[in-house]
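Visitor: Use the sequences and the hints to build the structure in full.
Protein sequence lines, in the order shown, are assigned to chains G and D.
Using our numbering, the first residue of the first sequence is number 1, and each one after it goes up by one.
Using our numbering, the first residue of the second sequence is number 1, and each one after it goes up by one.
Any given hint could turn out to be false.
Computed cross-link-like contacts, EDC-like style, restricted to lysine to aspartate or glutamate with a CA-CA straight-line distance of at most 20 Å [as the list claims (entries may be wrong)]:
#, chain 1, residue 1, chain 2, residue 2
1, D, Lys305, D, Asp266
2, D, Lys143, D, Asp216
3, D, Lys376, G, Glu50
4, D, Lys376, G, Glu21
5, D, Lys376, G, Asp19
6, D, Lys305, D, Glu3
7, D, Lys382, G, Asp36
Listed below are several chain D residues computed to face chain G (Cβ distance under 10 Å; list not exhaustive) [claimed, not checked]:
#, residue
8, Leu12
9, Tyr41
10, Ser42
11, Val293
12, Met297
13, Lys324
14, Val331
15, Lys376
16, Ala381
The hints are simulated quantities; they were obtained by calculation from the structure and are not laboratory data.
From the three backbone atoms N, C-alpha and C, an ideal C-beta is built for every residue, glycine too.
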Amino acid sequence: MKQYQCIVCGYFYDENLGDPEHGIAAGTRWQDVPGDWSCPDCGVAKSDFEMVELA
Amino acid sequence: MSETIVIIGSGLAGITVARELRRIERERPVVVVSADDGGFYSKPGLSNALAAGKSAAQLLLTPPAQLAAQLGVELRAHTRVERILPAEHLLQTGAGPLPYRKLVLAMGAHPIRLPLRGDGAGRVLSVNNLADYAAFRCALDGKSRLAILGAGLIGCEFANDLLAAGAEFEVEVFDPAPQPLGRLLPPKAAAFFRERLEAAGVRFHLATGIDEVREDGGRLRLMDGRAGAHTATHTADLVLSAVGLSPAVELARAAGLAVGRGIRVDRTLASSDPDIHALGDCAEVEGRVLPFVVPIMQQARALAKTLAGNPTEVVYPAMPVVVKTPACAAVVCPPPPDVHGVWREQADAGGVRALFEDAAGTAIGFALVGGAVREKQALSAKMPAWL
Numbered sequence: 001m002k003q004y005q006c007i008v009c010g011y012f013y014d015e016n017l018g019d020p021e022h023g024i025a026a027g028t029r030w031q032d033v034p035g036d037w038s039c040p041d042c043g044v045a046k047s048d049f050e051m052v053e054l055a
Numbered sequence: 001m002s003e004t005i006v007i008i009g010s011g012l013a014g015i016t017v018a019r020e021l022r023r024i025e026r027e028r029p030v031v032v033v034s035a036d037d038g039g040f041y042s043k044p045g046l047s048n049a050l051a052a053g054k055s056a057a058q059l060l061l062t063p064p065a066q067l068a069a070q071l072g073v074e075l076r077a078h079t080r081v082e083r084i085l086p087a088e089h090l091l092q093t094g095a096g097p098l099p100y101r102k103l104v105l106a107m108g109a110h111p112i113r114l115p116l117r118g119d120g121a122g123r124v125l126s127v128n129n130l131a132d133y134a135a136f137r138c139a140l141d142g143k144s145r146l147a148i149l150g151a152g153l154i155g156c157e158f159a160n161d162l163l164a165a166g167a168e169f170e171v172e173v174f175d176p177a178p179q180p181l182g183r184l185l186p187p188k189a190a191a192f193f194r195e196r197l198e199a200a201g202v203r204f205h206l207a208t209g210i211d212e213v214r215e216d217g218g219r220l221r222l223m224d225g226r227a228g229a230h231t232a233t234h235t236a237d238l239v240l241s242a243v244g245l246s247p248a249v250e251l252a253r254a255a256g257l258a259v260g261r262g263i264r265v266d267r268t269l270a271s272s273d274p275d276i277h278a279l280g281d282c283a284e285v286e287g288r289v290l291p292f293v294v295p296i297m298q299q300a301r302a303l304a305k306t307l308a309g310n311p312t313e314v315v316y317p318a319m320p321v322v323v324k325t326p327a328c329a330a331v332v333c334p335p336p337p338d339v340h341g342v343w344r345e346q347a348d349a350g351g352v353r354a355l356f357e358d359a360a361g362t363a364i365g366f367a368l369v370g371g372a373v374r375e376k377q378a379l380s381a382k383m384p385a386w387l
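Guide: Here it is, written out as C-alpha cells:
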C-alpha cells in the first residue's frame with residue numbers, strides 16, 4: 001500500500017484508508033480511484049497528487 | 001538577451017507554473033522573486049488550520065531551499081520588485097536589476113481593508129499569508145471574544161474553525177449583507193447554512209455595517225454606523241477582517257499594462273505586453289478574476305506549455321468551490337456572471353439543492369448545502385465548461 005500527497009495542500013491519500021466520505025472504500029488502490037475524484041481538502045484533481053515514499 | 005523566465009510571486013500560482021514548466025523543460029533558467037521567505041504552504045489551509053491544531057510552522061509544506069532545489073529554480077526571497085520596465089525587459093528590485101526574457105506575474109491579491117474610523121482600526125487583523133497566520137495565532141492567546149468582519153467564504157471558514165478549535169471562543173460575524181455567503185448562495189441555501197453555523201455557535205450580525213473601531217480599555221468596541229448615533233455597539237478582544245481580496249495590480253499598472261479588476265490577460269495568459277504573462281489571484285482572464293485553487297492549476301498548466309514555446313489556451317471546466325465549514329458542508333458552482341436566469345431551490349430537513357437555470361431551462365450553476373453535497377460530482381459533470 002502506498003500514499004499519495006496532494007501537491008497543493010498536503011492532504012494524504014492512503015490506500016489503506018481510502019476516502020469513504022466521498023465514496024472511495026478503504027483499500028482502494030490509487031489506480032482504481034476514479035479520474036473525477038478530487039482532493040477532499042482543497043478540490044484539485046487526482047492528477048495533482050504525487051506518490052510519496054514512506055520512510 | 002537573457003533567456004531567463006522570471007516569476008514574481010511564490011504562492012500557489014508562481015510555484016505551480018515553475019513545477020509544470022519543469023515537467024516539460026529542465027534547462028531553461030527560472031528565477032522566482034518572493035517578497036516573503038519563499039516557503040511553500042497551502043493557502044486554503046489557513047482558514048481551517050486552527051481546529052486541526054496546526055501551527056504556522058506545521059503548515060509549511062516545503063521550506064525555501066528544498067523548494068528551489070526540487071524545482072531547479074533560483075529563489076530570491078525577501079525581495080520586492082519596485083518597477084517593471086517592459087521595453088528594457090528588466091525588473092528593478094530591492095536587490096538590484098534583474099533582466100528577463102519572459103515575465104510571469106503571480107503576485108496574488110491583497111486583503112481589502114475597510115475604511116474604518118476610530119483609534120482601534122489599526123488593531124484589526126487580516127490573514128492572507130503564513131506570516132499573517134502566525135501573527136493571528138499569537139494574537140489569539142488569552143482572547144475569548146472574537147469579531148469577524150465579513151460573512152463571505154473566508155469569514156465563515158474562520159468562524160467555524162475558531163469554534164471547532166474547542167477553545168472557549170465566542171465568535172461574532174458582521175456583514176452588511178442580509179445573509180452569509182451572500183454572493184454565492186441563493187436565499188434558502190443561505191438560510192440553511194446560517195442555521196447550521198448558528199447551531200455550532202456562530203453569532204451573525206447581518207445587515208450590520210461596522211464602520212468604526214475604538215479602543216476600549218484593552219478591548220475593541222465596534223460601532224455600526226447604520227444604527228444611527230452609534231447606539232448599537234459590540235465589544236471584542238480581537239477583530240479579524242475578511243471582507244474580500246483585491247488583485248495586486250500596482251506593478252502592472254505602473255508598467256503601463258492593461259488593468260481592469262485584475263491584470264488583463266487573454267486565454268494564453270498574455271497581458272497587453274506579449275512577453276509578460278499573469279495568472280492566479282492577480283489576473284483577470286477573459287474578464288474574470290477567480291481567486292480559487294482549481295482555476296490556478298488550470299492556468300499554470302496552460303502557461304507552462306506557452307512558456308516552453310507551445311502557445312496554449314487555458315481551458316476551464318466548471319469549477320465548483322468547496323466551502324470548508326464542517327458545521328455545514330457547502331459547495332457552489334456559480335453561474336457565469338453575465339447570464340440571466342433563476343435559482344430553483346429544493347429544501348428538505350437535511351439540506352438544500354439549488355440549481356441555477358438559464359432562460360432555456362438548462363442548469364448552468366448549482367449550490368448544495370448539507371447532505372445535498374453528495375450530488376457534487378454528478379452535477380459538476382453536467383455543467384457547461386466556463387472557458
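Visitor: Hint by hint, note whether the structure agrees.
Guide: Quick rundown of the hints versus the structure:
{"no.": "1", "hint": "D:Lys305 x D:Asp266", "in the structure": "15 Å, holds"}
{"no.": "2", "hint": "D:Lys143 x D:Asp216", "in the structure": "15 Å, holds"}
{"no.": "3", "hint": "D:Lys376 x G:Glu50", "in the structure": "24 Å, violated"}
{"no.": "4", "hint": "D:Lys376 x G:Glu21", "in the structure": "13 Å, holds"}
{"no.": "5", "hint": "D:Lys376 x G:Asp19", "in the structure": "15 Å, holds"}
{"no.": "6", "hint": "D:Lys305 x D:Glu3", "in the structure": "16 Å, holds"}
{"no.": "7", "hint": "D:Lys382 x G:Asp36", "in the structure": "13 Å, holds"}
{"no.": "8", "hint": "Leu12", "in the structure": "6 Å, holds"}
{"no.": "9", "hint": "Tyr41", "in the structure": "8 Å, holds"}
{"no.": "10", "hint": "Ser42", "in the structure": "4 Å, holds"}
{"no.": "11", "hint": "Val293", "in the structure": "5 Å, holds"}
{"no.": "12", "hint": "Met297", "in the structure": "6 Å, holds"}
{"no.": "13", "hint": "Lys324", "in the structure": "8 Å, holds"}
{"no.": "14", "hint": "Val331", "in the structure": "9 Å, holds"}
{"no.": "15", "hint": "Lys376", "in the structure": "9 Å, holds"}
{"no.": "16", "hint": "Ala381", "in the structure": "7 Å, holds"}
This entry does not satisfy hint 3, going by the numbered hints stated previously; all others are met.
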